[in-house]
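Going down the list, the sequences are from chains S and X.
The opening position of the first sequence corresponds to residue 1 in our numbering, with each subsequent residue numbered one higher.
The opening position of the second sequence corresponds to residue 186 in our numbering, with each subsequent residue numbered one higher.
Keep in mind the hints are simulated off the structure, nothing from the lab.
Careful, some of the hints might be misleading.
[What the hints assert, rightly or not] Within a straight-line C-alpha distance of at most 16 Å, the following computed EDC-like cross-link-like pairs (lysine to aspartate or glutamate) qualify:
1. 371/X to 28/S
2. 126/S to 108/S
3. 363/X to 3/S
4. 19/S to 164/S
5. 15/S to 154/S
6. 15/S to 28/S
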Amino acid sequence: MPESIPAPLIIDTLKDTFKEARAALAAEGVRTRHEHLGWILSVPDTHQKSVLAALDKERALRVLTCSTEDEANAVAAGLWIGGEPVVVMIQHAGLYASVNTLRGVAMDGRVPIFYMIGLLSREKDKDPRESRHSMVRYCEPLLDVFGVPHARLEGPNDVHFISEYYRLSRERRGPAAVLVGLETS
Amino acid sequence: MAMKPEEALRLIAARRGDAICVPTMTTSPAWRTIAPDDLSVGCVGFMGGASSIGLGLALAHPERRVLVFDGDGSLLMQLGALATNAGAGARNFVHLLFRNNVYHTSGAQEIPGGDGVDFVLMAKGAGYREAFAIRDLSELERRLPHILTADGPLFVELHTTLADKTPMTAGMGVPFAKQVETLREKLLALGAGR
């Protein structure tokens, strides 16, 4: 059975992920001009609200709330071009709303964008692909159509997928995603 | 009298210094001729995203001016970006709107609302530090020093005629992925002191 993941665990994992990204740039001789570790671009997701609330108190992670997921994709591109580590936190409905930008920016532009996508309304006792909610059911198949690698965060033991799929997005120069199975705690 | 977009871009190119520039739609073909070796990336294939790319660049490089050459039809596709751009509060962010009241690339259909849409008012309402319109080239020349130095987020509506070429008549130019890669390499090299 899936379990809820505590927000502090996700935030610590994001910090480790960004530290690794900064270290990789430093190894290339690139000096950072910022005190923060990286950026979270968010179109607020009810499923990940405990993480967003905890991020409000974080000084090491900069959070920018965007009006739409299309914007979040394009801002992520600008930050990445500028050498900044960035994660996009959205909801499945936001993925559906922004598929043209996912295609145009992350795929055609070969911009590595890592997404944390909340599966709001996912039933605890069901595989998301068998959900009675279309917004839950179609998420993984849509990512498959676009060839976006993805993994599920089904509990605290899965948080390693955050850094793995972040790294994968950089290695493949394109999108990669983790799906947050249950509401974070 | 409305200015030709190419004339406005030439004026900006001559004075932009080390600014990063983000053209889109009908400013793209002219810009790549006027400033081929610039620190630029065009917004191609996802209309409305230029100012968001520019915002990301401005946040990543606060020491450098970022100039976005947006279109009116494009901005209408992502109007919420005005609030995001203003809210981010980047002092180095300049949003130039090339306004011709039509979707030039697709055949010059009028934008929704036509010339009744008040983009300056919307930018002010969204919270840009400053927003104003410029209606001719001499006014742009006079106000350009302010545009290139004042604290942003700054929004400037430029009233223009149609461009000589669109991305469809001029060809798409360098693929977006190549533009992305080239600009990132340049910026990382500057960050590494190479």
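Each hint, compared with the structure:
For the hint pairing residue 371/X with residue 28/S, the CA-to-CA distance comes to about 13 Å; that is within 16 Å, so the pair holds. Under the criterion of a C-alpha separation no larger than 16 Å, the hint pairing residue 126/S with residue 108/S is inconsistent with the structure, at around 34 Å. Among the hinted pairs, residue 363/X with residue 3/S is inconsistent with the structure: their alpha-carbon atoms are about 42 Å apart, more than 16 Å. For the proposed pair residue 19/S and residue 164/S, the alpha carbon gap of about 14 Å is at most 16 Å, so the pair holds.
A threshold of 16 Å between alpha carbons decides the hint, and for residue 15/S with residue 154/S the separation of about 20 Å lies outside it, so the pair is violated. Of the pairs offered as hints, the one joining residue 15/S and residue 28/S is violated, with about 20 Å between alpha carbons and a cut-off of 16 Å exceeded.
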